[in-house]
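Engineer: Sequence:
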Amino acid sequence: MSTPTLDALAAEGIFFTKFHTSSICSPTRAALLTGRNHTRVGSGTIAERAVAFDGYTGVIPKEAATIAEVLKEYGYHTSAFGKWHNTPAIETTAIGPKDRWPTGYGFEYFYGFLGGETSQWEPRLTRNLDAVEPPVDDPHYHLTEDLVDDALRWLDDYRAFDPDKPFFMYWAPGGVHGPHHIFPEWADKYDGQFDDGWDAYREATFQRQLEMGVIPEGTQLTPRDETLQGWNEIPADQHDFQTRLMEIFAGFVEHTDTQAGRLIDGLDDRGLRDNTLIFYIFGDNGSSAEGQRGSISELLAQNNVPNTIEQQLEALDQIGGIEELGGPRTDNMYHAGWAWAGSTPFKGTKLMGAYFGGTRNPMVVNWPGRIVHDGEMRTQFHHVVDIAPTIYELLDIPHPDVVSGFSQMPMDGVSLAYTFGDADAAPQKSEQFFDNNGSRGIYLDGWFAGTFGPFTPWDSVGSAAGIADWDSDNDVWELYNLTEDFSQANDLAAEMPDKLAELQARFLEVAEDNKDFPIGAGNWLRIHPEDRITSAYDSWTFGPEIKRMPEFAAPGIGRQSTRVTIDAEFGEAANGVLYAVGGAGGGLSVYVKEGVLTYEYNMLIIENTQVQTDPLPAGRHKIVIDTTIAKPAAAADVIITINGEQAATVQVPRTVPAAFTATESFDVGRDLGSPVSLSYEENRPFAFDGTIHNVQIAQGAALSE
2 MSTPTLDALA AEGIFFTKFH TSSICSPTRA ALLTGRNHTR VGSGTIAERA VAFDGYTGVI
62 PKEAATIAEV LKEYGYHTSA FGKWHNTPAI ETTAIGPKDR WPTGYGFEYF YGFLGGETSQ
122 WEPRLTRNLD AVEPPVDDPH YHLTEDLVDD ALRWLDDYRA FDPDKPFFMY WAPGGVHGPH
182 HIFPEWADKY DGQFDDGWDA YREATFQRQL EMGVIPEGTQ LTPRDETLQG WNEIPADQHD
242 FQTRLMEIFA GFVEHTDTQA GRLIDGLDDR GLRDNTLIFY IFGDNGSSAE GQRGSISELL
302 AQNNVPNTIE QQLEALDQIG GIEELGGPRT DNMYHAGWAW AGSTPFKGTK LMGAYFGGTR
362 NPMVVNWPGR IVHDGEMRTQ FHHVVDIAPT IYELLDIPHP DVVSGFSQMP MDGVSLAYTF
422 GDADAAPQKS EQFFDNNGSR GIYLDGWFAG TFGPFTPWDS VGSAAGIADW DSDNDVWELY
482 NLTEDFSQAN DLAAEMPDKL AELQARFLEV AEDNKDFPIG AGNWLRIHPE DRITSAYDSW
542 TFGPEIKRMP EFAAPGIGRQ STRVTIDAEF GEAANGVLYA VGGAGGGLSV YVKEGVLTYE
602 YNMLIIENTQ VQTDPLPAGR HKIVIDTTIA KPAAAADVII TINGEQAATV QVPRTVPAAF
662 TATESFDVGR DLGSPVSLSY EENRPFAFDG TIHNVQIAQG AALSE
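Positions in the sequence shown are counted from 1; adding 1 to them yields our numbering.
If you're looking for bench data, these hints aren't it; they were derived computationally from the structure.
Note that this is a predicted model, so its numbers are computed, not measured.
Check the hints yourself; a few may be wrong.
Stated by the list, open to error - The calculated DSS-like cross-link candidates involving lysine-lysine, where the alpha carbons are at most 30 Å apart (straight line), are: (1) K190 with K73; (2) K500 with K594; (3) K594 with K73; (4) K548 with K632; (5) K63 with K516; (6) K516 with K548; (7) K190 with K166; (8) K516 with K19; (9) K19 with K500; (10) K430 with K19; (11) K63 with K430.
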């Protein structure tokens with residue numbers, strides 16, 4: 002696939018072939034911005050999976066100041082654009098607290114989304130401390146393009162008001178994280194290019210890597226894991242679905258890279274390019290297998306919802322067919338086989354710490370005024386924790402002992418600036434630990450020891466039972482000599498048990514020092530969804546203007562037993578949403594059309610349950626919706642009464658245990674963002690045309706009061 006910006010930056014700067022991330026979103030960003038290991042700064046897992054264990058709280062401590070906090074003290078103007086995902090999930094509401102938003106971590110300006118992902122078509126956006134809405138029904142709108150436009154506007158403001166000061170910009174788009182959303186013409190560029198499947202694509206990629214010198218001669222191509230589906234196992238009538246998912250991903254990659262190029266061209270146009278240091282880290286923390294066997298709604302994997310491709314294709318036909326992939330009606334992700342091919346020549350994918358398929362990402366460093374391109378690739382082992390100390394060294398900023406009154410913890414990173422002028426410089430980083438979902442390992446002076454762990458990224462449903470019974474003491478470890486084995490192809494554990502034991506012991510020391518215990522804490526909510534972070538309340542009274550309430554802070558509508566009581570004034574043949582949570586990828590909406598009240602449960606697209614009442618006459622009505630859900634993911638029994646009389650009942654066969662979406666919200670009187678129901682898609686946000694006096698919601702203990 003085409004990456005014109007990455008190629009151009011590499012042709013002018015230097016390219017790193019052994020650069021690593023933490024294999025998952027929030028942890029990588031926390032490590033990148035602070036220069037500390039992810040668990041040391043409370044970010045052992047994504048914000049939504051945060052739990053009470055020290056390394057997994059989802060809170061970056063003030064004792065680990067971000068690059069932005071430090072540089073701001075040295076006179077830099079600071080900005081962040083795109084994905085954040087490092088604020089506790091229940092602290093992203095309009096009322097806050099907002100001290101853990103980007104502006105609380107040193108960024109003077111922020112424009113992007115606070116959660117883990119969002120629609121590229123109808124993103125849930127925040128500017129600084131306020132929610133903003135993208136244009137509705139603009140056929141040319143795409144979030145990645147919007148992020149470039151806003152970043153360039155910020156640069157213009159910076160140049161207009163304070164051009165003598167330097168700037169720091171963190172630009173992290175949602176591409177190509179899921180959902181994979183892109184204009185059809187970008188995906189169409191790749192029509193037919195993946196028809197031979199991921200096994201063949203991986204072989205071809207391997208040969209290109211050898212020819213380009215990205216991997217050394219003698220590298221072995223590791224085999225596909227026996228639990229990962231091969232292309233020859235895909236029924237012929239599913240080929241078009243699977244290849245289209247990859248075409249969309251490829252188009253999304255090229256589009257995202259092209260937009261990064263627009264930003265860099267904007268620096269050039271403003272005379273800022275030559276003296277701007279650019280770190281271009283490419284990828285999604287290893288290629289993501291969260292699409293499982295191909296997905297039209299990627300939260301299926303996050304919720305451990307069993308399903309089949311046949312079921313997905315049937316549901317896809319109901320919403321418009323394969324042409325809808327990549328558009329606003331789906332939250333599609335490609336088959337994990339494509340992620341495995343994207344990790345060539347390594348084993349593993351994103352969400353694994355034991356294999357470089359989950360951690361290794363290309364990185365280019367470009368600084369026209371200071372770095373001379375020499376055509377040599379940098380092969381020293383480095384990690385995102387090394388970016389912050391590199392910046393401080395280059396700017397001759399001693400790492401501060403105190404920032405904003407908080408004594409600072411030591412840095413874990415090692416500057417990689419020594420490589421800039423010498424491709425053959427002896428490595429200065431000797432150690433790095435990895436842990437993601439209990440898949441863990443340690444690099445030590447050219448050796449690597451690791452273990453797969455209890456979670457299989459491409460089989461989240463199948464992993465659940467194993468996680469419940471897992472004992473980390475029983476894990477089987479592997480050992481690799483990376484100086485001779487680039488791709489982790491030859492396990493030396495049986496041949497060198499003493500060396501393996503040495504690295505295992507060191508891992509435990511480093512893990513304890515980095516607050517990584519208990520091992521595998523990031524998996525807790527996969528088997529205990531009832532412990533997910535939630536609001537402290539069990540009853541609410543909402544007025545008619547409540548909107549953009551993040552799902553994790555909202556009542557557990559659609560996930561837990563609840564009673565919703567609506568007091569509203571209806572006109573003749575009323576229309577509009579009374580309340581909704583979620584979006585097109587999954588959600589629940591209660592709305593009226595021509596006076597007919599509809600309850601609709603969109604179970605992550607693959608199942609849709611609806612029930613309707615008789616038309617409501619004009620006037621004031623009290624509507625009560627009682628929902629009983631025995632346990633997470635169980636069926637929901639729904640009873641609707643209007644003015645004290647039963648109006649409809651329905652059973653939802655199964656419910657979402659964790660969350661419908663990552664950043665969609667609970668709204669009263671409208672359905673902002675991606676619409677839950679296609680029945681009012683063309684009229685979104687489908688605001689209620691009557692008067693809502695209040696919406697009262699009770700759940701849990703409040704139901705028995």
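Engineer: A separate judgement is required for each hint: does it hold in the structure or not?
Structural biologist: Comparing the hints with the structure gives:
no. : hint           : in the structure
1   : K190 with K73  : 43 Å, violated
2   : K500 with K594 : 69 Å, violated
3   : K594 with K73  : 52 Å, violated
4   : K548 with K632 : 28 Å, holds
5   : K63 with K516  : 16 Å, holds
6   : K516 with K548 : 37 Å, violated
7   : K190 with K166 : 42 Å, violated
8   : K516 with K19  : 26 Å, holds
9   : K19 with K500  : 23 Å, holds
10  : K430 with K19  : 12 Å, holds
11  : K63 with K430  : 26 Å, holds
Violated hints for the displayed structure, listed by number in ascending order: 1, 2, 3, 6 and 7.
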